[in-house]
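Can you join these two chains into the complex? Each is in its own frame, and there are hints to help.
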Amino acid sequence: MTLKLFTKEQWLTTLEGLKESYKIFVPVKDGDFHTFKELDERNKPDFDYQNTRMSPKSLVYPQSERMFEYTLDDNDPDAHIMKESEKDYSPRAIVGIRPCDAHAFQIVKLNFDNPEYRDPLWVKRFESTTLVGLGCNEPCPTCFCTSVGGGPFDEKGLDVIVFDLGETFLAKAITEKGEDFVNKAQGGSEADNTTLKAAEELSVSSLDKISVSVSTDKLKDKVINELFEAPFWDDVGFACINCGTCTYLCPTCWCFDIQDEVLGKEGDRIRNWDSCMFPLFTLHGSGHNPRDKKVQRVRQRFMHKLKYYVDKYDNGVQCSGCGRCVRYCPVNIDIREVAEIMNGYS
Amino acid sequence: MENPYLPYPVRIDDIITETEDRNLKTFKFIFLNPEDEEKFSYTPGQFAELSVPGKGEIPIGIASSPTEKGFVTFTINKVGLVTTHMHNMQKDDIMGIRGPLGNWYPWEEMEGKNVVIIGGGFAFTTLRSSIVYMLNPENRKRFKDITVVYGARSPGLLLYRDELAEWEKRDDINMHITVDGTDDPDWKYNVGFVPTITEEKITSADNAIAIVCGPPIMIKFTQPVLEKLGFPPERIILSLEMRMKCGIGICGRCNIGDQYVCKDGPVFSLAKLKQMPGEY
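Just so you know, the protein sequences line up as chains A and B, in that order. In terms of our numbering, the first sequence is residues 1 to 346. In terms of our numbering, the second sequence is residues 347 to 626.
Think of the hints as simulated: they come from the structure by calculation, not from any bench. Keep in mind that this is a model prediction, so the values were computed, not measured. A couple of the hints might just be wrong.
As the list claims (entries may be wrong) - Partner residues are not named here, just some residues of chain A that face chain B (Cβ under 8 Å, in silico):
| hint | residue |
| --- | --- |
| 1 | Leu72 |
| 2 | Tyr117 |
| 3 | Pro120 |
| 4 | Glu138 |
| 5 | Phe256 |
Beta carbons are placed, not taken as given, at the ideal position from N, Cα and C, and that holds for glycine.
Only chain B is shown next, with the shape it has when bound in the complex (with noise of 0.2 Å):
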């Protein structure tokens, strides 16, 4: 019998440090088997446990993309015990990741759509994965127009700011990153909140799917800007966080109603959130 709470040991190849308050860490790993780099096929939007012996585990979403091959990456915030840790540990570090876990974005869906992705501050991962994953030329042509409005609260605390600026100069997606303010003279991009921002560049519902993922003020912020530009709840989705510890629907805790966030989710959409209890 499989036991599914085994965790791949993988090795730390990089550790990027992300934001100016170097509270975001991206850590790339390599499985030391290479089988487990097969078992571990995942889709854009699915999440993993990261396993630190001695420490715990930590469901984080996965940055990368299946396109990407021969490695996955996480992207980190510094916030408890095990996030703690591992932005102490090192390159070559051995530690350990369990998945994918949970659901992922509707890619069937998506096909032959404009797809409009919102993003707010660490919550960029999945999103990115997302990004990375169409943008590849195998995929491209699965999707119509690719529109993304990414925002921080300043420029230093954006993620992947070196692709941010490749995928400015395509043409094949059309980008809006924002920050909430800066001093800096030379910002060449946007200034104001995501939800403001998104009034602004996202001109149509037409044939288009909207994936969320941010902040709770900035969904909840972002949610009537949608549904006014004419976005159903069913083509909102959102990317839920719940404390969890087993990943895979049994041990009870990250649970709103009778849907567990993280085997039914972490994606939702909105028609499908509204009928659950808001406790989240």
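Excised from the complex, chain A in its bound form (with noise of 0.2 Å):
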């Protein structure tokens, strides 16, 4: 496991020089928020964050992304024959990744990268990928990690973790990607066992500072049933606008739809995110809805999060507690209560 230390202002100009390996992208400060963009003359890393709004997701598995093209033009022979898009998987770096945000990578591989499909969009970009995660010193008050199986330094996911010791940066590399990242990382220099220990103690130290602790562990044992037909939903989901914030900020959440784009004669058919908040999710071409009302598609997002996934992939909650849904649902609507609540049902 290679360790290498950099001073804050160096470790920008190894950056720029690893550009040259992959496309780098960083957390950049962009009106109120911070989100991840790719390293260039206009976008410099800013990594005195604490989480982008939006979830780095979207850098594996975009908003919208173009599967197949075809053209509709009869007098080409291929006419109507869908063809694969070109692809740029090319290696990239996620630098300054939270290690929630890593985990929910895993915690989604299980649906796009399963023993019986394998999604080549998803996985060809996730392998393409090289996670540098910058650990919390200082997590969010919405912050539950903890509780969900990961934690501020947490490695795992991760195939470089960067600890901010205040004047410096020191990355550890944890899988062979990472080896491979911090082996083409010029300049830094060895770490000395005061920076290895300070390093130590801020992982520890960063844990007292997650306020929250969430109960899951009697999820698993629970009915299905039971928890669906429970009476606390009408109230659990009487707040709800049905928005989709939470999904679409969300980095565990992976639905999307399929849909066909024409422009003159030539056509993409391209996915995009979906919601399962939204009616049209579920509508049939007879009118028939199984979750026409509200409250059914709030009870849908957090039975497939809390219980559904836990039986499905026994791998814990879908979810890596990095609190985002908590913090800007418009009506308070807060996760960690709702798996309380489940989790006390009987």
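What follows is the structure in structure tokens.
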């Protein structure tokens, strides 16, 4: 496991150098919020941030992505035949991703890369991506990663973890992909024992800053139908306006729609993020809709994350504790409270 | 890496208007690449995504039987964007098929048993596939008595009328065709709703398995009839419909509880359905 210590200034130069080997994505301040953007002249990294408003899931799984192309021009011998779109699967690195968002990719991987089907768009992009995490010295008040199998310096799902030690960044390779990244990183020096100790202490002390603990331990033992028919859903969903903000911000929400778009004679088949909050998500051609009421859609979201996923994969809940849905829900619906209600229901 | 979203290109070889309201047409497709036909190896009860470039995809049950070689057929009800477009397509037009998808009727379990098939309206497609499959000389001996109750609102709305007439003449299948009502004085089959005819004609659940496919209202009233006859929920088999996109259990919309209708279904036993939330 390779370790390299960089001054903060050095780190920026190093990242510039790494652009030869990777497309580098970094947190950039954009208005009031941070967002991941490709490192270039206009986009300078700002690592002094808590987390981006949008999760970096779109760097592996774009909000809108072309799947196939075709022509409807009957003079073309290949008219009406789908062709796979050219894709750029060159190496990329997400530098500064928080451990919760890296953990989220591990959660989502079970869906896109399963024993029966591999989603080539997701898998190829994920395989070409190196996740260079930045541990959380100052977790947000809404963070609850430690309740769902993660932590502010959790290495699971990361290829490299970076410790912010004030004046310096300590980079530690975790996986082979991570070794590659750290080896390619020019400059930096060896870390002495004092530095290592400081990093160790940082990761321990940050744990105390996570104030919330959420119980999910009993979810697995519940019966799906009993939770489904429980009386609390009307209360949980009462204020919901089905805006879908939670699903779009969530790093572990993966549902998508497939649509055809045509301009003139040329067409694309595109997939777009979709949301279980929308009635169209389940509307049948006949007009029948199994989830036509908002409470059914709210229940679907929480049951999927906190029960169906738990039962299906035996991999904990479908949540990495990033707290985005809690922070940005316009009506203050809080998944931590819902988890407690479900976990305690009998 | 195989791309499970990539449809096989097919050519429309024939289009048959099935019903007098012209709302149901059967499409016969031939694969442009013969090797795709081999890859599209299916079992009765499965479905596929029919892909019309520029319009989209729709999940439709396979109406042909794997014993019929060289083509696949689907019967399409005109409902939305893609189906309406398809109803205006012509022979020799090119489109796509993606599949086969989903599970199938429990053929291993059905071996050596009496098979009762109950269908209503345009949900008779995968049941047609199943009947043709079972009547195939190589398969027929694997099953005991085959009994079919099939109903539509009126005679002109029955699917596959020529085949129904042929099956009526055979002695290795018991046909009970029915319509809700008719003013045709020459109508020689039953008049009555499917649950009623089921109650009249099916006399025993002994060593029998029932496959039910139809509109929700028919299923709702047929279920108690079957239970009264003594069919346990494990031996009542249903095929469900749901809005779908990917068809392979990834896009997340067609779930009932932790089951995806596209991948874990569309075929479920009533016993299984009773353990699932009633959200369908």
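Evaluation of the provided hints:
1. Leu72: holds (5 Å)
2. Tyr117: A/Tyr117 check passes; min Cβ-Cβ to chain B is 5 Å, inside 8 Å.
3. Pro120: holds (5 Å)
4. Glu138: Since chain B brings no Cβ nearer than about 34 Å to A/Glu138, farther than 8 Å, the hint is violated.
5. Phe256: With Cβ-Cβ at 5 Å, under 8 Å, it holds.
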